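*Asks:* Single-letter residue listing:
Number of protein chains: 2
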Amino acid sequence: MKLAILFGGSSFEHEISIVSAITMKKVFKNTELSFIFVDAERQFYLIESDKMKSNFFSSGAYKKSKKLVLKNGAFNIEGIFGSKEIVFDTLLNLIHGRDGEDGKIASLMEFYKIPFISPRIEASVLSFNKLYTKFLAESLGVKTLSYQYLSKNEERKLTMEYPVIVKPVRLGSSIGVSIVKNDEELDYALDVAFEFDTDVIIEPFIDGVKEYNQAGTYTRDWELSIVEEPHKEEFLDFEKKYMDFSRDSQVLAADIDELLESKIKDTFKKIYDPLFKGAIIRCDFFVIEGEVYLNEINPIPGSMANYLFSDFEGMVERLSNNLPKEQSIQINYQYIHSIQSAKGKA
Amino acid sequence: MKLAILFGGSSFEHEISIVSAITMKKVFKNTELSFIFVDAERQFYLIESDKMKSNFFSSGAYKKSKKLVLKNGAFNIEGIFGSKEIVFDTLLNLIHGRDGEDGKIASLMEFYKIPFISPRIEASVLSFNKLYTKFLAESLGVKTLSYQYLSKNEERKLTMEYPVIVKPVRLGSSIGVSIVKNDEELDYALDVAFEFDTDVIIEPFIDGVKEYNQAGTYTRDWELSIVEEPHKEEFLDFEKKYMDFSRDSQVLAADIDELLESKIKDTFKKIYDPLFKGAIIRCDFFVIEGEVYLNEINPIPGSMANYLFSDFEGMVERLSNNLPKEQSIQINYQYIHSIQSAKGKA
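Protein chains in written order, with the working numbering: chain W, 1 to 346; chain V, 1 to 346.
Simulated coverage check for chain V against chain W, where a stretch passes if three residues somewhere in it have a Cβ under 8 angstroms from a Cβ of chain W:
{"id": "1", "region": "9-16"}
{"id": "2", "region": "112-125"}
Mimicking EDC-like on lysine to aspartate or glutamate, the simulated pairs with C-alpha atoms at most 16 angstroms apart in a straight line are:
{"id": "3", "chain 1": "W", "residue 1": "K113", "chain 2": "V", "residue 2": "D39"}
{"id": "4", "chain 1": "W", "residue 1": "K152", "chain 2": "V", "residue 2": "D273"}
{"id": "5", "chain 1": "W", "residue 1": "K113", "chain 2": "V", "residue 2": "E41"}
{"id": "6", "chain 1": "W", "residue 1": "K84", "chain 2": "V", "residue 2": "E78"}
{"id": "7", "chain 1": "V", "residue 1": "K71", "chain 2": "W", "residue 2": "E78"}
{"id": "8", "chain 1": "V", "residue 1": "K181", "chain 2": "V", "residue 2": "E203"}
{"id": "9", "chain 1": "V", "residue 1": "K29", "chain 2": "V", "residue 2": "E313"}
{"id": "10", "chain 1": "W", "residue 1": "K210", "chain 2": "W", "residue 2": "D255"}
A few chain V residues that don't get close to chain W, going by computed Cβ distances all over 10 angstroms:
{"id": "11", "residue": "V142"}
{"id": "12", "residue": "K143"}
{"id": "13", "residue": "T159"}
{"id": "14", "residue": "F205"}
{"id": "15", "residue": "D255"}
Honestly, the hints are just simulated from the structure, not real lab data. As the structure is a prediction and not an experimental result, all values here were calculated from the model. All residues carry an ideal CB built from backbone N, CA and C; glycine is no exception.
Put together the whole structure using the sequences plus the hints.
*Replies:* Structural data, given as structure tokens:
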């Protein structure tokens, strides 16, 4: 299999996307990889495999790599004697945050008919925006925590008890997230969150709540990861998450009973199917009094949560062979023809 | 003002987008227009103004026009001596249906930093999908009709009384829509709708219900159209809609009292702000016992509903000068630098 890894992007998570992509080089052993970098200006570059080191990007050295242009259903290297297509079977979208998770990359790949692993446009928009994730969960009968939605220009009046957790509506990786215990902290937390987004979502913060992560995809059948109980500090800050994105060895399954495990897996499937077909996602759940609550959908998890799967590489190949197909639309100009004909012009 | 009109697209509404674009040529009198066509294969072409006639497209003659490629924040004509940018102030997205209304064009324009008039990605996804429109309306406290959502592989069991209206979840312009009075008709209507989409939405069909259309945008202030009471046959079929897309002279305002008019305008504003900033949309409302119900959001109305506005051209220019700005994200590699420095590599 020939796989292109797309990473970088105009995103607050640009750097951890680089870390994710470098990790992929270790994870894929029998796959021919090409690396396509999107820089802060959204210029595409083809990065040679031996250049996949973080300082190649932070130093700006990447700018000497070959630039790519999207046209005719492919990424192309442009040269004096015309352009040359980059050939691969499937592209893996590994851009975290804006561009990658908000639907832009899904749109570009669909528009240019490039086979890709990633949530599609609708799935991206509903999972990137935490308010819309609530709408989705509700429509599926999946529980979520109660919440308050607040826009930048609205009065900062809290309608729930402390402690609460304040999150920008559209970001991942704990950026701009704060736990808040009183009015003073709230004001500061909102200032921080509004640095990153025009809207925030506020939820009760439940100290010591049980948290479980389930990743998975659908290829010819369900391929679900082990259930992980993530390491909990108060919550992972960005720098710890940063390290987290470079994980490449499998972790241990959470010690939970069969009933809870099957509840978690069933909830995952309910959320995934059919909206997330074509993607490898991770759902982060809370368990409160035996009930499963969706905390967040991570539409493009760090290093795609490879460490939760026993055969990540094989799964990616199977998914690559079972991607959703775009509906074919025939354009035959029948209405224009019939109107021209009625006007005597045809 | 220099305005680029983007039209065509890989969409069941490809042909009416051509009609919309041709209409724009008559509507804009003091604006320098360029026309960018997206053909069924999603190749961009620059169309000379005097070629803007329907048979130029239906005959395939457009293929001799100059091809365009998106790169470096612009559409470019590629030539032997490098590429040349197409210069304009703003692009008007006039692609109806797939590509134009589903978030793809919004994504491409945002990614390539081209100023554009159109719903943004989230607004596109929420208005293109009639189920998500219900979620949105509910969250805003806007009434909609009760509904049943049905996927292709589900049992065809109706949970409401006849007559009902069956609609593909993701299309506009009455394509695949049927009014259904009994079980036999239901089966056929579902077969038709599932030709176009994997999911349908079924609502009660209320014969003789009052229907009102309100279009508008936000520039430096609200610019709302007159309220129109659309011509009603049982409902407009595609060929009548087709003619409808070429309207270019202003219509008369509906004969309604001030209270109802202000209710309709207030509901429009609630839906529009802030999600649809940057777009000119039309909302189609029902009025039942004095209450306003959202029927559909038309994110890219035919010929942008120019016939509802007294100064459409001026409004487009004001909107062009007041488009939403993308948040600027600085990428400074601080985490990579700090990690390299901790490792003693920096």
